[in-house]
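A.B. asks: Sequence:
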Amino acid sequence: MLRSRLFLLLAAVLLAPAGGVNTQSRNLDIYWIDVEGGAATLVVSPSGESLLVDAGYPVDDRDAKRIYAVTQLAGLKKLDAFVLSHYHGDHVGGLPALAKMIPIDRFYDHGDTVEEVDRPRLDLYKSVAGSKRTIVKPGDVIPMKGVRVDVVASDAKFIAKPINGGGPNTLCASAERRAAVTPENGRTIGALFTYGSFTFLNLTDLDWFNEMELVCPVNKVGVVTIWQADRHGNLWGAGAPALLNAIKPQVIVVNNGPRKGLGQPEAAVKSITNPGEVDLSPSYAYQKIAKLPGVQDIWQGHLSLAAKDHNTAENLIANFEETAECKGNWIKASVEPSGRFTMTNGRNGFSKTYAAR
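Just so it is clear: in the sequence shown, position 133 is 132 by numbering that gives the first Met the number 0, and no numbers are missing.
Watch out, some of these pointers could steer you wrong.
Label pairs and their computed distance ranges (CB to CB) [to be verified]: (1) K326 <-> A172: 45 to 55 Å; (2) K326 <-> E276: 23 to 33 Å; (3) N273 <-> K77: 31 to 41 Å; (4) N273 <-> T169: 30 to 40 Å; (5) G338 <-> N314: 17 to 27 Å; (6) G129 <-> P167: 42 to 52 Å; (7) K326 <-> S46: 25 to 35 Å; (8) Q71 <-> K290: 11 to 21 Å; (9) P167 <-> P102: 22 to 32 Å; (10) G74 <-> E324: 27 to 37 Å; (11) D104 <-> R25: 30 to 40 Å; (12) P119 <-> T322: 38 to 48 Å.
Derived lysine to aspartate or glutamate pairs resembling EDC-like cross-links, with alpha carbons at most 16 Å apart [what the hints assert, rightly or not]: (13) K131 <-> D59; (14) K156 <-> E212; (15) K77 <-> E48; (16) K307 <-> E321; (17) K156 <-> E175; (18) K247 <-> D296; (19) K144 <-> D79; (20) K99 <-> D79; (21) K160 <-> D139.
Don't read these hints as lab results, they were simulated from the structure.
Predicted model only: the values in this text are computed from it and were never measured.
Glycine included, C-beta positions come from ideal geometry on N, C-alpha and C.
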């Protein structure tokens, strides 16, 4: 009898560490869901908590269905949090349909300040969020077990003190400044996700003018591992060099569409410091990030048909088709506790592993 009990006790001791290791071995997963030039980024923490930033377009519930499919791939029964970056149709449009497909516990947004043209989308969002809504300001931390989510920008305001090792930015003195685009883009919620040595900066549609507010004269967000290209890779009105050379991204993810964002010149953008000197060539946006010191790879949601000769390597592009034929393939980052992370292309299964600097 005593031997039997000792055997059971020994078995329990031997098995317990294995169970603990399995519990801790879950990675931080980030999915960039193809909403064809809109935005939808799903973050699933090692604890299993989930946070979705934006919900794409409303068109025929296409984007809601794509987001829901990825939540099922990730094994989710609900979304713990939904963050609406701002009230543009390519970010909030898919939310009503998505909310009917999967429960959403909490909603975060930048508040009620909108232009009149955006008020219907604000009202739409409020009708879905109801009493579960929280307005966030810079400096707030969105709860997510195991991952720190710092709100660095909201409602055209920015964190007061640097985080993540940020400090004085010597690039600001001679940096080009460009005029703001639509006010709602400037009100975008920007967030820095931190998991050990790994950092992910998602500024969604923050424009050049407001990027400068975030990093000049002080870089308030430090150096990051992954940067999701602002404004879908439209780097005429975003991607200020004073930002890019300060945050020094290791990997860049561009959530563009086949003819939106990367490679689509924006003639309306005006330079404040160099009037009349905006480069509108289709190669401008891609070359800007491809030549950035320290960038190891650029992953794209779509082949840019607006600039066919200026795209990343084909195995790093998730979708090649025009909208009607598009399969909606995703890009995923899976981050280990050590900071090592693996990027995977949902189209072809190609993956590449990096060590977070």
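A.B. asks: Please list, smallest to largest, the hint numbers that this structure does not respect.
C.D. replies: Failing hints, ascending: 2, 3, 4, 8, 9, 11, 12, 13 and 17.
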